[in-house]
Amino acid sequence: MKRPKRRRTLPLALSASLLLGVSILTQSAAAEPSHGISMYGEPALPPDFVSLPYANPKAPIGGTLVDGNTGGFDSLNPFIQKGTPPWQLRFLTHESLMVRNYDEPFALYGLLAESIETDPDRTWVEFTLRPEARFSDGSPVTVEDVIWSYETLGTDGNARYLSLWQQIESIEQTGERKLRITFKTENRELALIAGLRPILQKAQWQDKEFTDSGLTTVPIGSGPYVIDSFTAGRNVVLKRNPDYWGKDLPVRQGTSNAETYRIEFYGDQSVLFEAFKAGGLSYLREFNAEKWARDYDFPAVERGDIIKTEIPSERPSGMTGFVMNTRRAPFDDIRVRDALLWAFNFEYVNETVTGGRQPRISSYFSGSQLAMQPGPAEGRVKALLEPFADSLPPAALDGYTLPEGDGSARNRRNVGRAAELLAEADWTVQGGTLKNAEGQPFRMEILLSQGDRQNQSIIDIYLNALSRLGITPTITTVDNAQYEMRLVDFDFDMTVIRRQLSLSPGNEQKLYWGSEQADQPGSRNLMGMKSPAADAMIDAMLTARSSEDFTAAARALDRVLTTGRYVIPLFTYDVGRIAHVKDLTWSGKVPIYGDGVYFMPETWWFSSAE
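All the letters of the sequence shown, read from the start, carry residue numbers 76 to 685 under my numbering.
Source of the hints: derived by calculation from the structure; they are not laboratory data. One thing to keep in mind: the hints can contain errors.
[Unchecked claim] Label pairs and their computed distance ranges (CB to CB): (1) G308 <-> I409: 25 to 35 Å; (2) A498 <-> D465: 45 to 55 Å; (3) D465 <-> S621: 48 to 58 Å; (4) R455 <-> D282: 49 to 59 Å; (5) E520 <-> G355: 27 to 37 Å; (6) A350 <-> A119: 24 to 34 Å; (7) E520 <-> V376: 37 to 47 Å; (8) D212 <-> G454: 48 to 58 Å.
Computed from a prediction, not measured in an experiment: that's the story for all the values here. Just so you know, even glycine gets a beta-carbon here, dropped at the ideal spot from N, CA and C.
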C-alpha cells in the first residue's frame, strides 16, 4: 500500500500562552455555546426541540427503500475527484458536525457536535463534539478525525471542498472534545459551511492513498447506514446500523426510517421508468410536467398501488439549461451567446416537451424574493452594480428579459435577430454555412450524457433554428463516466447545466461562478465566467450584516449572471412531483425547500412497518 504523502500542518495563529490570554480577552465578545446557528438572527428551533418540523418523530423503522440511478459506478468514495460513486453515499453513510433544518433559509443544529460557538464577526468558530459520537465500527469520533478530515478533503478531496480550506487560517484542538477554526477572510457564512463538511475516520486511511478510486475501500462513516453489499455497476445495498450512535438525537427523530436502502442502476431514464412501472423502485421524481400528466396512468397508478404526490417549494428556480463554454471562441463573445439564446425557440420547445405546463426560468433566482426585479436597477442594487458599469452589459443596469418567441415552429423574428447579432460579431452565411471574416466555419459541439432523452429531444428541435443560421453542430453522446470526465476538463462547447440554488446562497456561489474557479479542473464554473462584478456581488452577500443588504446583493448577482447570457434557460421545477408506492408515506408538513433530497426519502417511512 502507498503511504499518504506528508502534508503540511496549519500553523497555530498564536503560541499556547498568548492564545490563553487572547482567549480570555475575547470571551466577553463571543457568543455562548449554542445548540444551533443561523445565517441571520437566531435559529428558529429552541434548544429542547423534539424533531425537525417536517419529520414525524413517531415514524416506525422498517422496510426496504429502493432508489434508482442511471449509468453505473466505479467507486465507493464520494469525497474525491476521481471515479463515479453513487451520489447518495455522501448523505447515507457519513455525517457532519451540524445538520440543516430545511424549513429555514439557512440554519444548522448539532449532529456530531453538541454545540457551536463563534464571535460576533464570525472570524472563528468552535465546535464541541458529542461524547457519544461513534463511527460505524464503534470507534469514537475524535477531534483528530475532524481536523484530519478538513485538511484531507481540502487538499486531496473533490474540488467542492477546496474553497473552504483556502479560507482557513488555522484549525486546532482547544479541549478534549473541542476544536477551533479561525478564518482568513471576512465571510460570515464560513462558520456554517464548516459545520457541514463530512467527517471521515483518520485511522482507516493511514496505510491507504485517499485519492485512489475503486471498489476495494469502503469509507467508514458515522451515519445511520453502512454498505452491506454491492454488485459492481449494478447496485449497492445499505443496512441501517443497529448500533447507530445518533438514533436518539432530536435532528434524527423520524429520519432514515428504512431498514434497508438499495440503489439500483439502469442504462438510461427510460429503462429506469419501466423498472418503476414494474414495481422495481419505491419512488421516482418526475421533472417533466407533461410526462407527469401523460405517462403516469399505468395500471399500478389506476389500482392505487402507486400514489402521485405534488409538493410545492419556496426555493429559487436555480438554473437548468444549456451552458456555453466561454473559455473557447466564439463563445467568449457575448453577441454570439446572445444570438444562440435568441435562436432557441423556448415557447415551441415548451409546448412540445411539457405541453406548456412548466414556465421558463427567467433568472437564476427566479420564483423567490432573491430574484432580480423588473426594469432598471434601483437603490442598493444599483449602487452595487454601478462601479462595474463599464464591464457589464448595459442590460444589467437598464433591465433585461429573455427573448420571447411567437410560439410557431419557425420563430422568424427571433431567428432574424440572432442573425443580426452574429453579423455584428462578424459571422455571416457564406454558401449556406456560417463563417467568420477569415472564411472559417462556425464549429460547435453539443455534449450530452447517454440516456438524457429529454435534452436530446430539445436539441433536436434547436437544430432546426441553428441550421437556418448556417450552423451544423456536432452532437456527441457519451456514457456517464466519460461525460463527467469531459466536464472535469471543460471539454465541451455547449452542454447541460443544473444548479439548484437555496434561499441563503453563499460560498457555493464562488464555486459556481467565481473567477478563481474558472480554470480549476473539476470546478462547477462550467461557463468559465470571470466577472469582477459577480465576484464583488458574492463578496457582498458573504459580508452582509442584514437580510436587506443580503437580498440586494443576491438580486445584483442575479442581474450579472442573467445578462451575461451564459446559459439558455429551460423550465422551472417549482413543484416537486413524486410517484411512490402507497406503502411509502410522509408527515404532510412541507418545508420551505419542498422535496429536497433531505426531505424525501429521508423523512418518509413505510406504513407497513407501524
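Quiz item: Which hint numbers does the structure go against, in order from smallest to largest?
Solution: 1, 2, 3, 6
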